[in-house]
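Just so you know, the sequences run in chain order A and B. Reminder that position 147 of the first sequence reads as 147 in this note's numbering, one-by-one numbering, no gaps. Reminder that position 130 of the second sequence reads as 523 in this note's numbering, one-by-one numbering, no gaps.
Rather than coming from a laboratory, the hints here were simulated on the basis of the structure. Just so you know, these numbers come straight off a predicted model, no measurement behind them. Misleading hints may appear alongside valid ones.
[As the list claims (entries may be wrong)] Partial pick of chain B residues on the chain A-facing surface, computed with a CB cut under 7 Å:
1) T400
2) E508
3) T653
4) A655
[To be verified] No farther apart than 25 Å at their CA atoms in a straight line, the calculated lysine to aspartate or glutamate pairs in the DMTMM-like style are these:
5) A:K196 - B:E519
6) A:K84 - A:D96
7) A:K184 - A:D312
8) A:K268 - B:E649
9) A:K184 - B:E519
10) A:K168 - B:E519
11) A:K216 - B:D482
We put the CB at the ideal spot given by N, CA and C, even for glycine.
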Amino acid sequence: MPRLIKHAVRLFLATALVVSAASAIAADTIKIGWLSSLTGALSSAAIAENQGVQLAVDEINKSGGILGRQIELLTRDTAGDPTKAVNFAQQLAFSDKVHFVIGPVNSGEGLAAVPILARAGVPNLVIGAIDELIDPVKYPRAFRVINTNRQWISTANDYAIKVLKKSKVAVIADTSGYGTASSKTAIELLEKAGIKPVYTVLVDNNKTDLTDEMNKARAAGADVVMPWTAATGMLGRLLNARGEIGWNVPVVGHPAIMAAQIRQLLNKPEYWQNAYAAGYLSTTYGSDGKLPERTQQLVDKIRPKLGGGEIDVLFWWVAMGYDTVKIIEHAIKTAGSTDAAALQKVLENTRDYKGVYATYTWTATERNGFPDSNMAVNPANTFKDGSFRLAPR
Amino acid sequence: MLTVIVTGLAIGMLYASIALVYNVMFSTSKVLSVTTGHLSMVGGVFGAYIISVLQMHWLWGLLGAVLAGATFGWLTDVLAIRRVLARSDEHLWLLSTLALATMVQQGVGLWWGTEPKPFPRLITQEFGAGLMDQKFWLPIGMAIVMTIGLEFFYRKTMYGKVFIAMSEDAFAARARGVSTDKIRLLSYVLSGALGGLAGFAAGQLTFAFFALGHTLTLLGFIALAVGGLGSNIGALIGGAALGLLNSFASYYFGGEYQQTIAVGLLMVVLLIKPEGLLGAKNVRPV
């Protein structure tokens, strides 16, 4: 019997040793949580971002990891559902004890998940555009990589007013939370520039025809129409209505105006002309027909993974996904550890970090890292190989 | 102003078609299935798939939409109705049909994609026809044809009369030798086919979009409740009223009030005339 006990004790000790060694190896990885809505509504953006995230992780791991530690990517598909985003955020922060979280992708999910990550003290790269996701006091470790919604709106407003020289603006937004908030911001920014919109309306994004709204805008004397909605169906109907009533008014607004899906929804391809959307310099061809160098390098690297042919996704999503992992690499390398407070400090002191999607700067009081100067306006129908031409200035 | 009327009427007639589909299912099972709007969504998506992706003639698209709808109707009865009705008098069908509707919607989303896709032109017609555009007149025509067809079916055919018998009193019908299970299955297949047809006819108006189902289920139900449960003419009137009201509300007050006004209409009718405009009062002489 005593021999049996001895044997059992030995076995126990051996097992304990193996388990602790295994957990030591696991602890040695850098864990990145990735809250991605790979299925469900708005999955197209998340799928493209995921390509960039994966590529960056693979590259870094192949070249020896960060500070000699491999990255362990924990991807969680939230399906665009805030409830799932919350559950996964809790799981990543408290059970998996990740060092960084990227996402969630959609603003609605972000509103639910960002506070949880903040409470857990996990550094978080925010990729949702609405203002409420960022607050240096409430969420001190949340840093935004994507531009703000306000930047989209002010870029579009500037283009309509300063470049197209229009002053009679019609604002058409959808009735969703995003549309309502954006239309308010758009009107506020226009009024700051001394322009009072001649017509504003909110429309249900499943409304089957926008002829009335366009006729009203025309009757009100509008010389530019500015739609604020991410619903491609509504934008397709708006452009169709403009074409059918034979009104060649410029349309300037949300990036979804240049989404590839719009092309299919248009009654005639020419209805896409004279439409412009807020976009990014990083995915805009220069006057020489070339992309910025860093973008081109990433395009060349990732093309084989996207099937080898023409790129048919909006490339800025890929670039942003890629940048998020590179920013994490920069933060951990500079801090020399994965200590959350140290990572916060590094990001707060990051100036002009050159990514592919943008050149980022965060400070102790400013958590929006995307600079205004990296915004651009693109003609909607100029999509080619993932990027766009620059709108005439 | 004419645009407001025609666009309102066109979408209203789609609601009316959905209300007719509710009626067919309700007559034999006393169930208001949550899958009703999804039948149309499936019809629109399959129609677009067959014509645009498989590049086949629109008649095949029509046939495919009807078959897809009928299959979905059959599945609804087999998976979400039959056992539930056999085991319980409670309104558990509400949950079982909701579950099935959600599963089908998610499935279509995964396969077809979550962005709306165009529905092809069925009749050669230039764009820019304005109010004469087929996208407005196809759903209007389809709702009227469906109403006339159903009235004919109920009044002139044996099966139609059996449907009415079952809606009057299912137990009595069974006592008279009617196979109520088979008739109910038949009614679900028929309603599926009609739902698919309605979705196909309105495809150019709604686009082929996976998320249409729940909205159509709700608005079709409002049209039905306003017109009166069980009445086909009532469904037509209820649908038209709802579509026009929505369209006028959106025109005069803006889109943010559209849904409120639709549900408001339902409240008003339920308070003043709970049986709907043309619905039969639920009184049985004993």
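Structure-based check of each hint:
Given the 7 Å rule on beta carbons, the hint for B:T400 holds: about 5 Å separates it from the nearest Cβ of chain A. Against a cut-off of 7 Å between C-beta atoms, the interface hint on B:E508 holds, since the closest Cβ of chain A lies about 5 Å away. A least Cβ separation of about 11 Å between B:T653 and chain A goes past the 7 Å threshold, and the interface hint is therefore violated. This hint is violated: B:A655 has a C-beta 10 Å from the nearest C-beta of chain A, more than the 7 Å allowed.
Note on A:K196 and B:E519: the hinted pairing is violated, with a Cα-Cα distance of about 38 Å set against a maximum of 25 Å. Note on A:K84 and A:D96: the hinted pairing holds, with a Cα-Cα distance of about 16 Å set against a maximum of 25 Å. Distance check on the hinted pair: A:K184 and A:D312 sit about 33 Å apart at the alpha-carbon level, beyond 25 Å; violated. With a CA separation close to 30 Å, the supplied pair A:K268 and B:E649 exceeds the 25 Å bound.
Pair hint A:K184 plus B:E519 does not hold up; C-alpha atoms about 38 Å apart against a cutoff of 25 Å. With a C-alpha separation of about 32 Å, the suggested pair A:K168 and B:E519 falls outside the 25 Å cut-off, and the hint is violated. Proposed proximity of A:K216 and B:D482 is contradicted: the alpha carbons are some 53 Å apart, above 25 Å.
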